[in-house]
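Student: For reference, the chains in residue letters:
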Amino acid sequence: MGSLSYLAAGYAVFWIVSFVFIYSLVSRQRSLQKEVEMLEHLAAEEADRQG
Amino acid sequence: MSTKTILADQQKTGSGGFSWGLALSAVSGLLMLAALYMALVGAPDAVNLTSPAERAAQRIFYFHVPAAWIGFLAFIVAAGASLMYLITRRQRWDMWALASVEIGVVFFAMVMLSGPIWAKPTWNVWWTWDPRLTISTISWLLYLGYLMLRGAIDNPDRQARFGAVYALIAAISVPINWVAIRWWRTIHPAVVLPGNNSAAQGEFGMSADIRNTLLFCLFAFTVFYIMLMYHRINLENLKRRVDTLRQQILYR
Amino acid sequence: MTEQVKPLSNTATAAPAAPGGLTGYFRKVLAIVRKDVAAEIRTKEMISAMLVFSLLIILIFNFAFDLRAENINTVAPGVLWVSIAFAGMLGLSRSFILELDRGVLDGLLLTPVDRSAIYFGKMIGNVLFISVVEIILLPVFVILFNQPANILPMLAGVVLLGTIGFAGVGTLFSAMAVHTRAREVMLPIMLFPVVVPVMLSAVRLTAGILDQVPFEDVRHWGVLLVAFDAIFVAASFMLFEYVVEE
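Chains as they are written, first to last, in the working numbering: chain A, 502 to 552; chain B, 1185 to 1436; chain C, 57 to 302.
Derived from the structure by calculation, the hints contain no laboratory data. Just so it is clear, the structure is predicted and the values come from calculations on it, not from any experiment. Note that the Cβ used here is the ideal one computed from N, Cα and C, for glycine as well. All the pointers check out, no bait thrown in.
Residues of chain B placed beyond 12 angstroms of chain C at every Cβ, according to the derived structure:
| no. | residue |
| --- | --- |
| 1 | S1212 |
| 2 | L1220 |
| 3 | Q1275 |
| 4 | V1309 |
| 5 | S1391 |
| 6 | N1396 |
| 7 | T1397 |
| 8 | V1407 |
| 9 | M1413 |
| 10 | L1429 |
| 11 | Q1432 |
| 12 | Y1435 |
Here's a subset of chain A near chain B, in silico, CB distances under 10 angstroms, partners left out:
| no. | residue |
| --- | --- |
| 13 | L508 |
| 14 | A509 |
| 15 | A510 |
| 16 | Y512 |
| 17 | A513 |
| 18 | I517 |
| 19 | F522 |
| 20 | R529 |
| 21 | E536 |
| 22 | V537 |
| 23 | E541 |
| 24 | L543 |
| 25 | E547 |
Next comes chain A alone, as it looks inside the complex (with noise of 0.2 angstroms):
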């Protein structure tokens, strides 16, 4: 391996674990903003049928 590569190697995974952990917060993040905007919605809807 070249001089440089062993670097770069390093501190890659730094930068990949960094956003592989970041990007599984937002797409968490997303589908359960979506799960609570389709919870609330039919809790609405209940709430009318019910009232």
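With chain A held as given, fit chains B and C onto it using these hints.
Tutor: Just chains B and C, lined up with the frame of chain A:
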């Protein structure tokens, strides 16, 4: 506690406002870029190192060590939050514990992956049973155990309680593990490490510049941790709100 | 494990309702131990399973590593402790499963004594069961690995300390593991990283005994092992009530 109060409570402790999260992310991102610059360019080459590959790879230390320190910080935060949860039973402490452990897993993964990459050009072995790397691995496994334990329990109250108990035992075990591993390595220094110091990865002599760069990177990583915690806890808040809503709707 | 054993006739609740106090506490602990021992004597399942398992492990090591006379002392301590660790894990995981399945645990929890008594009762029971296996295992070990018989007393001491370390935290963790989805797998995953100091100290001490090293050289490992036992039994004892509250 009525569903309404639970939801209100969650909303209060949740997102303090869209701009804070964004600001924190921006600041953290900038700091990390600055840290990257300092580590790669700003810091001087270390002395006493032989090959160019080794000199270059040494710079991994500027991110590798702070990652380990923050990993342990995350552990301490998780243990503290767990203790608070057992005492107060307030959900917010459980969320802090869970978030901190998850983030700790991430940081220790960085340590365990960057370690071998640094070790290969420096000591010509991929893995060294160096005390710090070993304790990081064990801590990582302890964290993973926490996440697996929570994942294997359905009841949320039990999840929180058992998680807290486990986190406390795990926290106590880290210092004891550290001592045991330290003694173990001191007695068998030559077995795995070809030649030198198992203890001092800073064998290359810490000049003031090197120390300052390290401290700056540590600061950047701390802000990074805080930013990740902020977002992860918000996420957890959202998740619990969804669970509550789901309960509310399905069990009417 | 599917055999339905009738719970013992109220040994737990028949004790005169001592209003707390130290004697009441000890009586409670002993009652739990006695119940578990009696149940095990009846079936002998757990001990026989642990014993066979531990012997099998030693056998497998024999085939996996070439255990010739010269290097036998280097690997012997490791083999012994891996064997004890895995067999112990087996015993620990079963202790609460049986309770839960027989519904006896709820009965215990209703009695007006500190929950921690349950912890001590179960822990002492676990230590006893694992010790029975070890009493058989150690002479076998000495024979198979060609050790002088006079090491047995010292070895027994180290083994006992190690067992207390395992059972100390193991009892707490198995009480948690029993409520999880993958019960048997969960306990080793939780326990092994925590008991690394026990493994390290026990192996170092055993190696010291086999190599007839002066005690001074390995004394610190003994200190670590005792410290581990004290710290973790205390911690587990304090945290146990949070696990069994329902």
